[in-house]
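Protein sequence lines correspond, in order, to chains X and E.
Under this note's numbering, the first residue of the first sequence is numbered 46, with each subsequent residue one higher.
Under this note's numbering, the first residue of the second sequence is numbered 147, with each subsequent residue one higher.
A few of these clues could be false.
Restricting the straight-line Cα-Cα distance to at most 25 angstroms, the calculated cross-link-like pairs of lysine to any residue (SDA-like) are [said to hold, decoys possible]:
{"#": "1", "chain 1": "E", "residue 1": "Lys304", "chain 2": "X", "residue 2": "Ile195"}
{"#": "2", "chain 1": "E", "residue 1": "Lys302", "chain 2": "X", "residue 2": "Glu184"}
{"#": "3", "chain 1": "E", "residue 1": "Lys304", "chain 2": "X", "residue 2": "Asn453"}
{"#": "4", "chain 1": "E", "residue 1": "Lys300", "chain 2": "E", "residue 2": "Asp332"}
{"#": "5", "chain 1": "E", "residue 1": "Lys302", "chain 2": "X", "residue 2": "Arg202"}
{"#": "6", "chain 1": "E", "residue 1": "Lys304", "chain 2": "X", "residue 2": "Leu187"}
{"#": "7", "chain 1": "E", "residue 1": "Lys457", "chain 2": "E", "residue 2": "Pro290"}
{"#": "8", "chain 1": "E", "residue 1": "Lys304", "chain 2": "X", "residue 2": "Ala188"}
{"#": "9", "chain 1": "E", "residue 1": "Lys304", "chain 2": "E", "residue 2": "Asp379"}
{"#": "10", "chain 1": "E", "residue 1": "Lys300", "chain 2": "X", "residue 2": "Arg197"}
{"#": "11", "chain 1": "E", "residue 1": "Lys304", "chain 2": "X", "residue 2": "Val182"}
{"#": "12", "chain 1": "E", "residue 1": "Lys302", "chain 2": "E", "residue 2": "Glu291"}
{"#": "13", "chain 1": "E", "residue 1": "Lys197", "chain 2": "X", "residue 2": "Met384"}
{"#": "14", "chain 1": "E", "residue 1": "Lys304", "chain 2": "X", "residue 2": "His419"}
{"#": "15", "chain 1": "E", "residue 1": "Lys304", "chain 2": "X", "residue 2": "Arg197"}
{"#": "16", "chain 1": "E", "residue 1": "Lys300", "chain 2": "X", "residue 2": "Arg194"}
{"#": "17", "chain 1": "E", "residue 1": "Lys304", "chain 2": "X", "residue 2": "Arg202"}
{"#": "18", "chain 1": "E", "residue 1": "Lys302", "chain 2": "X", "residue 2": "Gly200"}
{"#": "19", "chain 1": "E", "residue 1": "Lys176", "chain 2": "X", "residue 2": "Val458"}
{"#": "20", "chain 1": "E", "residue 1": "Lys300", "chain 2": "X", "residue 2": "Ala179"}
{"#": "21", "chain 1": "E", "residue 1": "Lys411", "chain 2": "E", "residue 2": "Pro177"}
{"#": "22", "chain 1": "E", "residue 1": "Lys304", "chain 2": "X", "residue 2": "Gly200"}
{"#": "23", "chain 1": "E", "residue 1": "Lys304", "chain 2": "X", "residue 2": "Val458"}
{"#": "24", "chain 1": "E", "residue 1": "Lys304", "chain 2": "X", "residue 2": "Thr383"}
{"#": "25", "chain 1": "E", "residue 1": "Lys300", "chain 2": "E", "residue 2": "Ala339"}
{"#": "26", "chain 1": "E", "residue 1": "Lys411", "chain 2": "E", "residue 2": "Gly201"}
{"#": "27", "chain 1": "E", "residue 1": "Lys302", "chain 2": "X", "residue 2": "Leu201"}
{"#": "28", "chain 1": "E", "residue 1": "Lys411", "chain 2": "X", "residue 2": "Arg280"}
{"#": "29", "chain 1": "E", "residue 1": "Lys329", "chain 2": "E", "residue 2": "Asp459"}
{"#": "30", "chain 1": "E", "residue 1": "Lys300", "chain 2": "X", "residue 2": "Pro196"}
{"#": "31", "chain 1": "E", "residue 1": "Lys197", "chain 2": "X", "residue 2": "Ala188"}
{"#": "32", "chain 1": "E", "residue 1": "Lys304", "chain 2": "X", "residue 2": "Gly185"}
{"#": "33", "chain 1": "E", "residue 1": "Lys300", "chain 2": "X", "residue 2": "Arg280"}
{"#": "34", "chain 1": "E", "residue 1": "Lys197", "chain 2": "X", "residue 2": "Thr383"}
{"#": "35", "chain 1": "E", "residue 1": "Lys300", "chain 2": "X", "residue 2": "Gly180"}
{"#": "36", "chain 1": "E", "residue 1": "Lys197", "chain 2": "X", "residue 2": "Ala179"}
{"#": "37", "chain 1": "E", "residue 1": "Lys302", "chain 2": "X", "residue 2": "Gly180"}
{"#": "38", "chain 1": "E", "residue 1": "Lys300", "chain 2": "E", "residue 2": "Ser287"}
Since the hints were derived computationally from the structure, they do not count as laboratory data.
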Amino acid sequence: MTTVSDAAPAGRRFLRELPHAFLRERPPWPLLGLGVAAGLAALLPAFYLVVRAVDGGADTWEFIFRARTAQILGRTALLIGIVTVVSTVVGTLLAWFTLRTDMPLRRVTTVAVVLPLVIPSFVMATTAIQFFGAGGVLEGWLAPFGVERIPRFAGLRGATLVLVLMTYPYVFLSVRGALRRLDPALEEAARSMGYGAVQTFRMVTLPILRPALAAGSLLVALYTLSDFGAVALLRYETFTFAIFNQYESALNRSVAAGLSLVLVFFAVLLLTGEGITRGRARFHRSTAGAVRPAVDAELGRWRWPVLGFVSLPVVMGLAIPVGILTWWLVRGLLRDQTMVALLEPAWNSIAISLTAALLTVVVAMPVAILAVRHRSWWPSRLIERVTHIGFGLPGVVVAISLVFFGVNYARPVYQSNWLLLFGYVVLFLPAAVGAIRYSLMQVSPRIEEAAQGLGRRPLRVLVSVTLPMVMPGVLAGGALVFLMTMKELPATLILSPIGFKTLATVIWDASTDAFFARTAAASLLLIALAGLPTAYMVLRDNSYRSGGGH
Amino acid sequence: MLAGFVSSVLIAAIACGSDGEASSDPTGAKPLVVYSGRSESLVGPVIEQFKDLTGIQVQVNYGSTGALAATLLEEGSRTPADIFFAQDPGGLGAVIGMLDTLPPEVLNLAPGWARSPEGKWVGISGRARVLVYGTDALSESDLPESIWDLTDPKWKGKIGWAPSNSSFQAMVTGMRRLWGEDKTRDWLEGIVANDPITYPNNSTQVAAAAAGEIEIGMVNHYYLYQFLAEEGDGFRARNWFTPARDPGSVVLAAGAGVLSASDNKEAANRFLEFMLSPVAQQYFATQTHEYPLIEGVVADRGLPPLESIAKPDVDLSTLGDLENTQDLLRDVGALS
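Just chain X, same shape as in the assembly (with noise of 0.2 angstroms):
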């Protein structure tokens, strides 16, 4: 039994000792005030929310504190809920089919099944209602066959679903990258142990997969969190919602700046959940060549079968909305609606998307390499989570935010790119840190430590050994910043150069008023450009299996 003179001593060693264990296990100084100020720059929006929120005084704290809000915060948890599950499920199931078994149109369909993410919100949400809502197209195709109403869309099933074809391909890009790296034998010993497929599958595939359906699922859950678009026009009333109803009506900065903490909070309960799902398990494999190509799953008659539900997401992610805006335009450009020039916002978007990816890319290399190679140090970790809370927060949240330090102590930088490029940082770290930190885990740190024991200086180990051995994780998280920022809209707003038009930009300018056509127009320009570098992606990792190297 420990009494209180035992423990005393032990409390009295562990402080004394904890500045030792400390300093002794601290990365090295470059490294660590690299990660601080990626931590420390994440934390930006919430410090100003903070300032902002104890400005509004006791009546903001009353509104806060009310039985709505809890309310609120419930419907926001059941479709954060919901809406993870299925995506998490939906994007595994894409992942494995396209890239473990010899399911046909592979190529095609993995390019496809990513381009919904670069859809912005409230064109998917628009596209949706015109497509299943009441009185749109479904409904008149059905029509003929004495169907008078389909079940409602708005609301729950509606927000579900639009949020699912938005959010499902986090979760695939982030399994299908930690697929492709998984090595073939540890399945394979699994089945010549007589473990069958389903069972390999949860024995072995799975808890090796876990990490990354960890991370794509938190980026999903964040998403639900902070998204707009979706929920406002299905009526689905969650906590940003509200948030942007203190913006936008009650004008009312200081609730606005409450309600966002509550998220941040929300934001920080989701954080730890996934840590705990994360476990603590780890994976590498001890040489740095590449994985030798697994043998595809051979489908058999489920060939076709399998086929049709990789085309669902695709079907009502993709080509509906594509198909909707199509029509947008055909029908605009008959009545003669005038068009905007689309050549510049275009560049723009392009220009600035990926600055911002490499940029994010370079920002969260020291946190993952914290906290993956440093993560018995304690603070590796807290850096790595702080760095997620930016993606949780509404846009116009983390923007507002930055005026207020751009403004008060970085006048030079503000209403310039590199304000905006900030911006963007601090909102997509979270998915650059995550692909990186999941590469990272699969080498093994014996082989930089033998590049160190041949007398390699650190930086070039980075360079020469560690980074080439990252670069899938790294080109997939630029990949995914640079999708993000193409459809980002209210930092891009609020932060940007004054007369700085982005394809997004345009796109909400037009669907504000209703100017369809110009929507459409710059709706499927978005999604060409978007669909070109994810084409590349994938056709640069079939060579990559084929070729069996680099």
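Guided by the hints, dock chain E onto chain X, whose structure is given.
The following block gives chain E in isolation, referenced to the frame of chain X:
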């Protein structure tokens, strides 16, 4: 491969880095900076006309009225903005402490009902509150005399509204002025009892009325015309200007004010004068289908003239009392 990727990104970075300075005026004059809560689709062309006519460079920061108001409040006296062009008086009211008093020659261009009594902003264009109805479900003879009639149980499950929308809230504020608190509460409770479908804004109600999801919605009049332009006369929704002289047919205004912190006030005032000139007012009348606010410019032919609308006498500037209206809306459960 990697080198190619990195260099292309750097080129991109340099290209967009230089954008910021590209728009400075070669003549050295400071460009006029406008924060516009109205979309470029609607006001972009008329701002171009102003540039062409005056030679004054204009930079426009487009966004939603609420987000721009929040941005202005954060920027405070350091704001680069000279003008705030807002969707509605509520947005201007939120930053009223940052607005300068306008000179009488600008202020007097707008009619008395469409400007701030403290002289902080002027109305630029008018929009009427109307009912939008689905033509498949209803014909004009079915339509109510007054917005009050929508509390009749026969409309149960057939109505749409947007309680979070600022124009709607301005109408309810007008209601409180004209009908008093009790009658306004009765109306709101009557509507809530009829299970209205809650939309986020006006245009979604217009689409829903045409699609048959609702039979009647409460909107600003001008959204319908863009739908008609895109979808043709076969579009299955129309506006109904309620004939009763009551809050249901109040006319609101989009307006603009000059920031106190502006060091470009002369150009800013010229901008406002231009927006209230016959050229610009003609643009709003014919292109955005809004109501012109000055004498001598007539509304679009498809619209009933402003004088003929049963418009109640209500001072728009008193419609800025959003807080009590929102409390009331929350009280009856229309708003969370």
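Here's how the hints hold up against the structure:
| no. | hint | result |
| --- | --- | --- |
| 1 | Lys304(E) x Ile195(X) | holds, 17 angstroms |
| 2 | Lys302(E) x Glu184(X) | holds, 23 angstroms |
| 3 | Lys304(E) x Asn453(X) | violated, 50 angstroms |
| 4 | Lys300(E) x Asp332(E) | holds, 17 angstroms |
| 5 | Lys302(E) x Arg202(X) | holds, 23 angstroms |
| 6 | Lys304(E) x Leu187(X) | holds, 23 angstroms |
| 7 | Lys457(E) x Pro290(E) | holds, 16 angstroms |
| 8 | Lys304(E) x Ala188(X) | holds, 21 angstroms |
| 9 | Lys304(E) x Asp379(E) | holds, 23 angstroms |
| 10 | Lys300(E) x Arg197(X) | holds, 21 angstroms |
| 11 | Lys304(E) x Val182(X) | holds, 21 angstroms |
| 12 | Lys302(E) x Glu291(E) | holds, 17 angstroms |
| 13 | Lys197(E) x Met384(X) | holds, 21 angstroms |
| 14 | Lys304(E) x His419(X) | violated, 61 angstroms |
| 15 | Lys304(E) x Arg197(X) | holds, 14 angstroms |
| 16 | Lys300(E) x Arg194(X) | holds, 21 angstroms |
| 17 | Lys304(E) x Arg202(X) | holds, 21 angstroms |
| 18 | Lys302(E) x Gly200(X) | holds, 19 angstroms |
| 19 | Lys176(E) x Val458(X) | holds, 19 angstroms |
| 20 | Lys300(E) x Ala179(X) | holds, 21 angstroms |
| 21 | Lys411(E) x Pro177(E) | holds, 11 angstroms |
| 22 | Lys304(E) x Gly200(X) | holds, 17 angstroms |
| 23 | Lys304(E) x Val458(X) | violated, 51 angstroms |
| 24 | Lys304(E) x Thr383(X) | violated, 35 angstroms |
| 25 | Lys300(E) x Ala339(E) | holds, 11 angstroms |
| 26 | Lys411(E) x Gly201(E) | holds, 16 angstroms |
| 27 | Lys302(E) x Leu201(X) | holds, 22 angstroms |
| 28 | Lys411(E) x Arg280(X) | violated, 43 angstroms |
| 29 | Lys329(E) x Asp459(E) | holds, 18 angstroms |
| 30 | Lys300(E) x Pro196(X) | holds, 23 angstroms |
| 31 | Lys197(E) x Ala188(X) | violated, 53 angstroms |
| 32 | Lys304(E) x Gly185(X) | holds, 21 angstroms |
| 33 | Lys300(E) x Arg280(X) | holds, 24 angstroms |
| 34 | Lys197(E) x Thr383(X) | holds, 21 angstroms |
| 35 | Lys300(E) x Gly180(X) | holds, 22 angstroms |
| 36 | Lys197(E) x Ala179(X) | violated, 45 angstroms |
| 37 | Lys302(E) x Gly180(X) | holds, 19 angstroms |
| 38 | Lys300(E) x Ser287(E) | holds, 15 angstroms |
Hint compliance for this structure: hints 3, 14, 23, 24, 28, 31, 36 are broken, all remaining hints hold.
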